[in-house]
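Student: In our numbering, the protein residues as written are 1 to 77.
Since the hints were made in silico from the structure, they are not lab data.
Hints may contain errors.
Distance condition first, Cα-Cα at most 20 Å in a straight line; then the derived SDA-like pairs of lysine to any residue [what the hints assert, rightly or not]:
#1 K23 - E53
#2 K23 - H51
#3 K23 - E48
#4 K23 - L58
#5 K23 - P52
#6 K23 - S2
#7 K23 - A59
#8 K23 - E54
#9 K23 - L61
Distance ranges between label pairs, derived from CB positions [said to hold, decoys possible]:
#10 G64 - D35: 27 to 35 Å
#11 S2 - P33: 27 to 35 Å
#12 P52 - L15: 18 to 26 Å
#13 M10 - L61: 34 to 42 Å
#14 T28 - T3: 30 to 38 Å
#15 A65 - M1: 16 to 24 Å
#16 A34 - I14: 34 to 42 Å
We treat Cβ as the ideally placed atom computed from N, Cα and C, and that holds for glycine.
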Amino acid sequence: MSTSADRHRMAASILSFEARRDKQGRLTIYRLPADDGGGAYEVAGINERFHPEEARMLADLIEGATFKRRNGRPAKS
């Protein structure tokens, strides 16, 4: 059985591998190719076809330019 720390490390690894980032290192919305099968877009591997609510929430945060600093306080860019 995995621990919370194990799951956190796995999630961080997936995020590192899947995420598309801008020049400032912030997550971006990746528009998928038409033949991808995952829908129109994804954010860090969360695609619009299989996880529409989560993908939309993440895309809304990115489109609203709402980012968090390392200290956890919201910041606008």
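Student: Does each hint fit the structure? Answer for all of them.
Tutor: Hints versus structure:
| no. | hint | result |
| --- | --- | --- |
| 1 | K23 - E53 | violated (27 Å) |
| 2 | K23 - H51 | violated (26 Å) |
| 3 | K23 - E48 | violated (24 Å) |
| 4 | K23 - L58 | holds (19 Å) |
| 5 | K23 - P52 | violated (26 Å) |
| 6 | K23 - S2 | violated (34 Å) |
| 7 | K23 - A59 | holds (18 Å) |
| 8 | K23 - E54 | violated (24 Å) |
| 9 | K23 - L61 | holds (18 Å) |
| 10 | G64 - D35: 27 to 35 Å | holds (30 Å) |
| 11 | S2 - P33: 27 to 35 Å | holds (33 Å) |
| 12 | P52 - L15: 18 to 26 Å | holds (19 Å) |
| 13 | M10 - L61: 34 to 42 Å | violated (22 Å) |
| 14 | T28 - T3: 30 to 38 Å | holds (31 Å) |
| 15 | A65 - M1: 16 to 24 Å | violated (39 Å) |
| 16 | A34 - I14: 34 to 42 Å | violated (25 Å) |
When the structure is compared with the earlier hints, violations turn up for hints 1, 2, 3, 5, 6, 8, 13, 15, 16 and for no others.
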